[in-house]
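S.K.: Sequence:
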Amino acid sequence: MPYNGRVKEAGFFIIFFVGIGLLGTIVPAIVKPADRAFTGLEGYSEDWVGYTSYIEEGIYGRNTVAIRSLPPPQGQTIIHIIYPLAGRIGGLFRFSAPLTYHIFRATLGIFYASLVYLFFRRFLGKTLGLAAFLIASLCGTLGWLGTLSFTSNNALQWALRPHYLFGGILFLISVWIIVVDDRRYIMSVLCGFFLALVHPPFAILLGLLSAGIFLWRRQKSCVANLGGIVMGLGIIAWASWQYPLIWMLASETSVFSDRVSLSTIVNELITFGPNLWLGLPGLIVGTLRGKTRGVSQILLLWIILQFALFFFLYQFLHMQRVRFIQSLYFIPLAFGTILFLQTIANKWKKSWMVGAGVIILLLISVPSYIHDVRASITGTTTYANYDAYTTFIFPSYPMVAAYQWLNVHTPKESVVLAGFEGANNIIVYSHNYVIGNIQGWPPGKKEMMVKERDDFFRGTQPAEEARAYLARNQISFIYYGFQEKSLGNMSRYTFLKPVYANAEVTIFALQ
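With my numbering applied, the sequence shown closes on residue 1321, and no number is skipped along the way.
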């Protein structure tokens, strides 16, 4: 995709919108209590802990990852390989894993937003291209309706998790080649290959899109895309066979994997908001006439396939349907929305109607931003009420000191038992294996792990049963802090000896 300095025209907006996407990390770092640290948590999810731990693997010199919330021994896998590679780069500058994560997503976000702007500018011109970019960046779903909780205002799309951003970049480059320069076969193979490694659901979407376009137009770059995707998915299949836990995690049943009803479809189509209501008709109109006919046809097929995967086809792939709609969809819809507004303006011969339409769409999105701000504030208090700030996000400095002690004085392959918050933070700060974080545990075993963990901290287990529990899970150290103490008293476990203590945390080892 040519640069030609054109991205400078929208440089301010690109930096500004990526900055908006980073606010969920920047604001907590600023407003945290003076006696607290900030973990750098993104998205109020332990998933962030997993991705950060993969970066930590790279900082320690590995190119593969393991799930640190499960006890060893574990095989190493190349799944999510971009994270340890980012860790290797961050390690050269002595960056921490959380800092590397945020620099990585900010850099990818700027590049992704730049590509999207260039795409719009190439086919819509400078003014309409900028208008489409504004819609793509600011006009999101109507999340306040409460029926589509996993995606919201599109500004957040520029600062999502790095594998979403990298996947979006590869996907858009592939579409650009199909539309503009069908002869870049090697680039098409590489994009398809790495997309399959980075974000398999996006690769499946690109594969279906490429197959459809090839059957329709016989474009050779589509065959190249498919070849790369098949090779990449083959490696993913091999890695999943070597490390079955990865496939289990990817296909685990969740609320977003249930079969959808007609009412679900209607509610979610409503919640996607004006971008869908105007964008889809705009793309249909664009396929019928005008200079954008060719690209509109491809974008229309893209959005139809993406929604088909989200609502129906995911069942045949045994994957969470949310994975097919986490990004990308806002690009063709913003393009179609501008075509719709342009069609109305041309019909009434009022060019100002395009600008007015963009402003109205932005105003409609305001309630969603208010909803997101409230949700982000609520997110700081949902996990534990410790002076109204969760220690999952804002650990106290004595807690951090305990994590740092573990980092210096314990082997990285040792297992630490802790409550939910401590287990997550230990992965980030000291990178031990932990028992206590539910991530990676299959249904049934997850509930059993939580019960056994809590029973141990309650001090209700007989001594021999408690020792057997620790041995069975290869636990060498016990982190005993605020959340763990709230469950009960471990005084009956005389086989434990304190090896570190401060005002808030004691760390035990087996005698």
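Careful, some of the hints might be misleading.
As the list claims (entries may be wrong) - Taking lysine to aspartate or glutamate and the DMTMM-like style, the derived pairs with C-alpha atoms no more than 20 Å apart in a straight line are:
1. Lys1307 to Glu1274
2. Lys936 to Glu819
3. Lys1295 to Asp1265
4. Lys1255 to Glu856
5. Lys1255 to Asp857
6. Lys1101 to Asp992
7. Lys1255 to Glu1275
8. Lys1261 to Glu1274
9. Lys1295 to Glu1314
10. Lys1030 to Glu1078
11. Lys1101 to Asp1264
12. Lys1030 to Asp992
13. Lys1222 to Glu1262
14. Lys1256 to Asp857
15. Lys842 to Asp1264
16. Lys1307 to Glu1257
17. Lys1255 to Asp1265
18. Lys1295 to Asp1264
19. Lys1256 to Glu856
20. Lys842 to Glu819
These are computed hints drawn from the structure, not numbers from a lab.
S.K.: For the pair supplied as a hint, Lys1307 and Glu1257, confirm whether the alpha-carbon distance does not exceed 20 Å.
M.R.: Violated, at about 28 Å.
S.K.: What's the verdict on Lys1295 and Asp1264, does the C-alpha distance respect the 20 Å limit or exceed it?
M.R.: Holds, at about 10 Å.
S.K.: Holds or violated: Lys1255 and Glu1275, Cα atoms, limit 20 Å.
M.R.: holds, 18 Å
S.K.: For the pair supplied as a hint, Lys936 and Glu819, is the alpha-carbon distance within the 20 Å limit?
M.R.: It holds: about 9 Å lies between the C-alpha atoms, which stays within 20 Å.
S.K.: Could you grab the alpha-carbon distance between Lys1261 and Glu1274 and see if it respects the 20 Å cut-off?
M.R.: holds, 17 Å
S.K.: Going straight from one Cα to the other, do Lys1256 and Asp857 come out at no more than 20 Å?
M.R.: With Cα atoms ~16 Å apart, Lys1256 and Asp857 stay inside 20 Å; holds.
S.K.: If you draw a straight line from the CA of Lys1030 to the CA of Glu1078, is it 20 Å or shorter?
M.R.: Roughly 36 Å separates the two Cα atoms, so the pair is violated.
S.K.: So if I understand the rule, the pair passes when the alpha-carbon distance is 20 Å or less; does Lys1255 with Glu856 pass?
M.R.: Satisfied, since the Cα-Cα distance of roughly 18 Å is no more than 20 Å.
S.K.: Hint check: Lys1101 vs Asp992, CA-CA at most 20 Å. Holds or violated?
M.R.: Judged against 20 Å, a Cα distance of about 18 Å means the pair holds.
S.K.: Lys842 and Asp1264 were given as a pair; does the straight-line alpha-carbon distance stay at or below 20 Å?
M.R.: violated, 29 Å
S.K.: Under the criterion that the straight-line Cα-Cα distance not exceed 20 Å, is the pair Lys1295, Glu1314 satisfied?
M.R.: Given that 20 Å is the threshold and the Cα spacing comes to 10 Å, the pair holds.
S.K.: For Lys1256 and Glu856, compute the direct alpha-carbon distance and say whether it is at most 20 Å.
M.R.: holds, 15 Å
Comparing the model with each earlier hint shows violations of hints 10, 11, 13, 15, 16, 20; every other hint is respected.
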